[in-house]
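Student: Quick mapping for you: the protein sequence lines, in order, are chains B and U.
In terms of this note's numbering, the first sequence opens at residue 1 and continues consecutively.
In terms of this note's numbering, the second sequence opens at residue 1001 and continues consecutively.
The hints are simulated quantities; they were obtained by calculation from the structure and are not laboratory data.
A hint or two may mislead.
Here are some chain B residues the structure puts well away from chain U; computed CB gaps all over 12 Å [unchecked claim]:
hint: 1; residue: I32
hint: 2; residue: G69
hint: 3; residue: T146
In silico contact screen, one side only, chain B against chain U (beta carbon under 7 Å); selected entries [stated by the list, open to error]:
hint: 4; residue: I80
hint: 5; residue: A162
hint: 6; residue: A165
hint: 7; residue: T172
hint: 8; residue: L174
hint: 9; residue: N185
hint: 10; residue: N262
hint: 11; residue: E264
hint: 12; residue: H290
Heads up, the beta-carbon is just placed ideally off N, CA and C, and yes, glycines get one too.
There are 2 protein chains.
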Amino acid sequence: MPGDVVKFRTVGIDVGGTNIKIAALWNGGGVISAESIPTRAERGPVDAAERILVTIRALLQREGIDPGGMHAVGMDCAGIVDPERNVVIDSPNLRSWENDPLAQRLADRLGVPVYLENDVNAMAYGEWRCGAGRGADHIVCLTLGTGVGGGLILDGRLYRGAHGAAGELGHTTLDLRGASCTCPNIGCLERHVGAAYIVERTLRHLQESAAPSRLRDLEPQDMAPRDLTLAADAGDPVAAAVLRETGELLGKGLVSFVNIFNPERIVVGGGITKAGDRLLEPARQIVRRHAMSLPASMVEIVPAELGDDAAVVGATLLALEQHPTRG
Amino acid sequence: MPGDVVKFRTVGIDVGGTNIKIAALWNGGGVISAESIPTRAERGPVDAAERILVTIRALLQREGIDPGGMHAVGMDCAGIVDPERNVVIDSPNLRSWENDPLAQRLADRLGVPVYLENDVNAMAYGEWRCGAGRGADHIVCLTLGTGVGGGLILDGRLYRGAHGAAGELGHTTLDLRGASCTCPNIGCLERHVGAAYIVERTLRHLQESAAPSRLRDLEPQDMAPRDLTLAADAGDPVAAAVLRETGELLGKGLVSFVNIFNPERIVVGGGITKAGDRLLEPARQIVRRHAMSLPASMVEIVPAELGDDAAVVGATLLALEQHPTRG
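All chains, please: the whole structure from these sequences, using the hints.
Tutor: Pasting the structure below:
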């Protein structure tokens, strides 16, 4: 009995550095409702497990979900996940959670299997099954935020690599003579289109240009990529120029991915994609001009569709795929 | 009856821009003997088919191979191969062969299926099944020559991409402010470690350095990467420096592939890999220093083992995989 034939409900857990989102979902991926609690990473995973369980139980009760009918629960977090041991093994934001059997602890208490997945892999899977990746078998997913993450759907399967560490698309070299990245490399894609570097470039534009700009009213430390989108929408020329330049730099990274993967679709997520075609159209133009002609002519470059829900949807569907029936 | 249980013999065809190699092979991949004929690409694929058939028939007769027991024949060439139509669709060296049903024509005359594959994909598959990639499920294969090609074994399968054009690892950006490549991109990996650019850098080293070097005796237009290996082996300091620098540039490309794929092994082939650790050890050092720590600590960077036979072996094994039993 495949999981998508009979409709049932379960929960998903998206562990971020600041907040943990707990959602009630249909087994087809639709989010019914969600709660958010603070992560408080420093208190460790045992404390978090208790608070997650309280929230899940309240959610199940509120939505009238039978815990016995959940089949499986999906959970995701940033970092490298060891799928064999179902634990996170390298996560800068959750250092004290590494190697902790959090998923197993939750599974024991809930009475259903809980599967852990890397957050960007989960996001890619969610966009593939329910979002902007639907219907394609070869998808490169990129998420632009403080960091630049990647997830790969190759030949109709999530690609995790030999040790669960694949997909670090933000840490591919774009400029071998460039500046140091937060990773051990230099001149990475993240070093060009990560949030801090977009702000850095904005400040440089403001300094070098005499154009009037509402961005000048912001304190540099308060500036975020979303301010660019708002300003550009209001006709701000500096904001529009920075977004165009960011899109071109993104495109230069995408050229490599098009030549490497020959994907059907590239799905770009993260806050700055609210800028839409101001960001993506310059990226598409660079890809059309600089990637190999056949794959460049075939690839679609599209914004993600599921927003903040993508990871929890993907983690849930991955869990149900591993455990489609109960028992 | 799996193809590797009962031993039988077949032939493989490796179509290069200059020569076509026709080999008699065991179904496990071992080359028994081989013949080489000129490609004469300008005469077109019908002419080539006739000459290939004559050579195959002579080879079968000489080796006492029953054409009825061959199961399938593998063939490879440079360019993008459409696996559905079993034709090459984009091949700069074989323009008049594009969309020609050469494989089907040979199959009709030989009475066995003939499968066409991209040459670097075939090489990667050959190294995976019979060479330096044995036993691993996640392999990045790179071949350094005039061009820099790539082949990907991901999750234990050859990855071709959505339209057979994946794996162009030589055409990933290493320097977004770099020089134009032969492809539409700029600053590609090939633009740094392709044969012509290695020679270009050698000439620059010779010009800038006063060190004695036997490379000074060569005419620039006659210089090839193999001269560097020979000179370095004889203690030439300029040759050793160029090889080390080439290895470091190669390593800077590999950093991206390690972060993207988290491979178990990177297999490097092509003439210049005769330089061995003079080339590969600097590459390994760069990867250990600049790639993400977990995948960097796990990946092996090794020279290819099958040399010029890799592609014909891989093409044959791919053909037999698609057609393991007769009829």
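Student: Against this structure, judge whether each hint is valid.
Tutor: Here is what the structure says about each hint:
Even its closest Cβ contact with chain U, about 33 Å, leaves B:I32 beyond 12 Å, as expected for a residue assigned away from the interface. Non-interface call for B:G69 relative to chain U: holds, since the shortest CB-CB distance, roughly 32 Å, exceeds 12 Å. Against chain U, the non-interface label of B:T146 holds: every CB pair exceeds 12 Å, the least being about 17 Å. The interface hint given for B:I80 is met, as the beta carbon of that residue sits about 6 Å from the closest beta carbon of chain U, less than 7 Å.
Evaluation of the B:A162 hint against chain U yields a held restraint, the C-beta minimum of about 4 Å falling below 7 Å. Annotation: interface hint on B:A165 holds; nearest CB of chain U at approximately 4 Å, less than 7 Å. Interface restraint check: B:T172 against chain U, minimum CB-CB distance 4 Å, threshold 7 Å, status holds. For B:L174, the shortest C-beta to C-beta distance to chain U is roughly 5 Å, which falls under 7 Å, so the interface hint holds.
For B:N185, the interface hint holds, since its Cβ comes within 7 Å of a Cβ in chain U; the closest pair sits about 4 Å apart. Taking 7 Å as the C-beta contact cut-off toward chain U, the hint placing B:N262 at the interface holds, the least distance being around 3 Å. For B:E264, the interface hint holds, since its Cβ comes within 7 Å of a Cβ in chain U; the closest pair sits about 5 Å apart. The beta carbon of B:H290 comes within 4 Å of a beta carbon in chain U, closer than 7 Å, and the hint placing it at the interface holds.
Checked against the numbered hints given earlier, the structure satisfies every one of them.
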